[in-house]
Amino acid sequence: MKRQMTGAQMVVQALIDQGVKNIFGYPGGAVLPIYDEIIQQEKVRHVLVRHEQGAGHAAEGYARSTGKVGVALVTSGPGATNLVTALTDALMDSIPIVGITGQVPTHLIGNDAFQECDTVGITRPCTKHNWLVKDVDDLARVLHEAFYVASHGRPGPVVVDIPKDVQFATGTYVPPGHIEHPTYHPRVDGDPRAIAAAVELIASAKRPVFYTGGGVVNSGRRASALLREFVRMTGYPITSTLMGLGAYPASDPQWLGMLGMHGTFEANNVMHDCDVMVTIGARFDDRITGRVNAFSPGSRKIHIDIDPSSINKNIHVDIPIIGDVTHVLQAMIAAWKVRKPRVDKRALKAWWDEIDRWRRRDCLAYKPNADVIMPQYAIERLYAATRDKDVYITTEVGQHQMWAAQFFKFEEPNRWMTSGGLGTMGYGLPASIGVQVAHPKSLVIDIAGDASVLMTMQEMSTAVQHDLPIKIFILNNQYMGMVRQWQELLHGNRLSHSYMESLPDFVKLADAYGCVGIRATKPGELDDAIAEMIRVKRPVIFDCRVAALANCFPMIPSGKAHNEMLLGDAVKPETLGKAIGKEGKVLV
Amino acid sequence: MTKAVKAKSGSGVRKPRAPAVPPASAYFIEEVHDRTESHTLSVIVDNEPGVLARVIGLFSGRGYNIDSLTVSETEHAKHLSRITIVTTGTQMVLAQIKNQLGRMVPVHTVTDLTADGRPLERELALVKVAGHGESRVEALRLADAFRAVVIDATVNHFVFEVTGRTSKIEQFVAVMAPLGLVEVCRTGIAAIARGTKAV
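Those sequence lines, one after another, are chains Z and U.
1 is the number of the first residue of the first sequence in the numbering used here; add one for each residue after it.
1 is the number of the first residue of the second sequence in the numbering used here; add one for each residue after it.
These are calculated hints, taken from the structure and not from any lab test.
It cannot be assumed that every hint is accurate.
Simulated DEER-style distance windows between Cβ atoms [stated by the list, open to error]:
{"hint": "1", "chain 1": "Z", "residue 1": "Tyr383", "chain 2": "U", "residue 2": "Asp116", "range": "52 to 62 Å"}
{"hint": "2", "chain 1": "Z", "residue 1": "Gly220", "chain 2": "U", "residue 2": "Leu120", "range": "46 to 56 Å"}
{"hint": "3", "chain 1": "U", "residue 1": "Thr154", "chain 2": "Z", "residue 2": "Phe114", "range": "47 to 57 Å"}
{"hint": "4", "chain 1": "Z", "residue 1": "His107", "chain 2": "U", "residue 2": "Arg141", "range": "52 to 62 Å"}
If you want a taste of the chain U side facing chain Z, the calculated C-beta under 8 Å gives, among others [unchecked claim]:
{"hint": "5", "residue": "Asp46"}
{"hint": "6", "residue": "Ala53"}
{"hint": "7", "residue": "Gly57"}
{"hint": "8", "residue": "Gly61"}
{"hint": "9", "residue": "Asn65"}
{"hint": "10", "residue": "Arg103"}
{"hint": "11", "residue": "Val105"}
Cut-off 25 Å, straight-line C-alpha distance, at most; resulting in silico cross-link-like pairs (BS3-like, lysine-lysine) [what the hints assert, rightly or not]:
{"hint": "12", "chain 1": "Z", "residue 1": "Lys508", "chain 2": "Z", "residue 2": "Lys522"}
{"hint": "13", "chain 1": "Z", "residue 1": "Lys68", "chain 2": "Z", "residue 2": "Lys43"}
{"hint": "14", "chain 1": "Z", "residue 1": "Lys21", "chain 2": "Z", "residue 2": "Lys441"}
{"hint": "15", "chain 1": "U", "residue 1": "Lys98", "chain 2": "Z", "residue 2": "Lys301"}
{"hint": "16", "chain 1": "U", "residue 1": "Lys98", "chain 2": "Z", "residue 2": "Lys134"}
{"hint": "17", "chain 1": "Z", "residue 1": "Lys367", "chain 2": "Z", "residue 2": "Lys301"}
Please read all numbers here as calculations on a predicted model, not as lab measurements.
Every residue, glycine too, gets a C-beta built ideally from N, C-alpha and C.
Given only the sequences and the hints, what does the whole structure look like? Please build it.
If you want it as structure tokens, here you go:
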């Protein structure tokens, strides 16, 4: 049904028609007409943030935990530039978000008007696509197209820039309907011949591994179910990237833990020694591969990805399959059932025996301490206290993030929200707000570091205003822990500006924000304090004082191969300085 | 103190350029030398604002080379433009470029003309030459040999229009250099595949 309405009304109508229930934003001069419509309706809830970056990350958390598109609404100029970090983060991690930005009136564009910036120019490299809408009659179509582009193919962020006069102008609204996009048609079904060849190769493997990533989560819940089915059918081991955690249950015996720079000994050794690698929705990032020319030298590689540009970007693969993970796995399982292959049981047994030897190395072991809370211990206790609950975890970036990935066990997809590609400190707190908005009854915890959390701390005010009982669990070691660890390994332990001088008193800060502050300094008080945090039905800042100089192991140092890991209990002070080899210091 | 890094001789690892004073922290940048080739791509795009910036931004953002780039609307009714890009890279980079272009929303098709055969490639140049006496006569004589056309002249100068492959244009400019070459304007390469088919 076509209707006449103003541009501002079209924005709200398009959100309603796209099924959007919640948006995150911050008003300003160039979006006032849209905000004037928002307050006059109740179908779309607006969550006011304290900084536009927070709106972007909240939209990401919302999207990542629901599988829907997240929406951020900000004003022109600084509103748009503040959104850029979140857009880039969403691009790197393939998170579907629609950014709606106000713009100065069309006749002022290019005039250096107040709060003007070239939003489409600035956001061009950090979005999948963006639009500047100069004619109100294009607005509805562009908004629907924006949702389509954000959520189809490899998901990602898009921006629609709307000048203020277009928001005031009256035009014709068109409902979404079925979009037949003129050019953007991502391929979802894999090539049947490639799938047949892949099944053949998988069946013939003697030392196989499934290496999965965030693409499985992005493909939807069905993809995780199919992955579980296929992995169990084969009996092969499986590991995952940081972004893919939860797609396969961590309690399953075939699960090896995360791989990569801070992955497990068993996962990385399996990657190095395998003969067939089945890569699903992962992209051979440098944090995964280590030294590229020593990456899994003896394997033949299958790569399933919806984005053709991910194929052969870093690592040459033998069988590329371009398509959506759900579709391709469905076809693979069907082909496997038809072919009924007999896997080499003896070889597989020998492979699992080898894996068990690696597992017995117990690479995540750390030295317990009766006086000081070890950060690993803190995560273990947090996991123990919440494992039976309906819990969602977000993180900031750094050591705490890696410890969370290592020690928190995820059984389901969409439960783990972290900034993997861009590595955005300050992501976790606003992301947890987005998750809590999407899941008001669930327990949402941001596992944070003392340095990261201060980058977006102002969003506590958002949580208090909107009654969002997020828990900010800060592993407070009074350092930028990962920076300090690298300085110790690479820079002769010269701790240049990685010590957080004059941190705030987080408990008093919680008080100042009107939420609850809890502190734990001794291992003995940790469990009670965590129980208290969960019991409180308000936002909490939990100041968990942990060992200051703990390092995150295992670690594949820069420029080393998967089978050259540093293990925590084997690292002596004198080996630390020599950890990075002569060839290796190129990678950062 | 951290020791300076020494590259093994004859190990196949390229020796890093050693700074005069070794840095306190030892990083070095490895230089990679894989064989590169030059390819001509035809990219059909929606002629909408910013589309050229998207394509150029992709090349600069990801560190790809642009040796030549031409663009013009070729189908007015459908608002389609044709971008011809000559780029240099390794096989892996060239494949990346095609895939990265292909996934852009306003891009209709990406065709590697070089991979599909020997494309017809032409460039147009406007060449201004000023001079007197014998060199002026010589310039005109050479222009005739290159089938360049005089499109403007006074008693002191010529402007030649010359069309051809890049190598011909290069050569023409080179022979004009000692004869009073003033300036050159070139269009960049327009390319089309041989045979009956369209891209």
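Each hint tested on the structure:
1. Z:Tyr383 to U:Asp116: 52 to 62 Å: Given range 52 to 62 Å: holds, Cβ gap about 56 Å.
2. Z:Gly220 to U:Leu120: 46 to 56 Å: For U:Leu120 against Z:Gly220, whose Cβ atoms are near 47 Å apart, the range 46 to 56 Å holds.
3. U:Thr154 to Z:Phe114: 47 to 57 Å: holds, 52 Å
4. Z:His107 to U:Arg141: 52 to 62 Å: holds, 57 Å
5. Asp46: holds, 7 Å
6. Ala53: holds, 6 Å
7. Gly57: Status holds, d = 6 Å.
8. Gly61: holds, 5 Å
9. Asn65: violated, 17 Å
10. Arg103: For U:Arg103, the interface hint holds, since the closest Cβ of chain Z sits about 6 Å away, which is under 8 Å.
11. Val105: Holds: closest Cβ of chain Z sits about 4 Å from U:Val105, inside 8 Å.
12. Z:Lys508 to Z:Lys522: holds, 19 Å
13. Z:Lys68 to Z:Lys43: Roughly 17 Å between the alpha carbons, so the hint for Z:Lys68 and Z:Lys43 holds.
14. Z:Lys21 to Z:Lys441: holds, 16 Å
15. U:Lys98 to Z:Lys301: Since the Cα atoms of U:Lys98 and Z:Lys301 sit roughly 22 Å apart, the hinted pair holds (cutoff 25 Å).
16. U:Lys98 to Z:Lys134: violated, 31 Å
17. Z:Lys367 to Z:Lys301: It is violated: about 38 Å lies between the C-alpha atoms, which goes past 25 Å.
This entry does not satisfy hints 9, 16 and 17, going by the numbered hints stated previously.
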